[in-house]
Amino acid sequence: MGLLKNVLKTEEEEFLMGDASLTLGDLFRLLGDRGGNWADQFENAKSLRAAINGKISKPSASIYPSNRVAIFLPIAGG
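So that you can map any letter, position 45 of the sequence shown is 111 in the working numbering, and since no number is skipped, the others follow by simple counting.
Simulated from the structure, these hints should not be mistaken for lab results.
No false leads were mixed into what you were given.
Keeping only pairs whose Cα atoms sit at most 30 Å apart, straight-line, the calculated DSS-like set for lysine-lysine is: (1) K124 with K112; (2) K75 with K112; (3) K75 with K124; (4) K71 with K112; (5) K124 with K71; (6) K75 with K121; (7) K71 with K121.
The structure displayed is predicted, hence computed values, not measured ones.
Take these sequences, add in the hints, and give me the full structure.
Put into structure tokens, the structure is as follows:
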């Protein structure tokens, strides 16, 4: 699958959301709606992890306009 930044060909995205809040799950759906590789990566969002302002967060966590969100694949050990 590769790193998300390699698959999506971007290391950082700016997402303008106005004054409203949304959840991580909402953000995953919106990013998946972009289609192509975005849809492929975000269709099974349960396999993704995210941090809001450096804190690992659940899909139900709220995101506000001033937040910074990092999305990554879980790390497998062996």
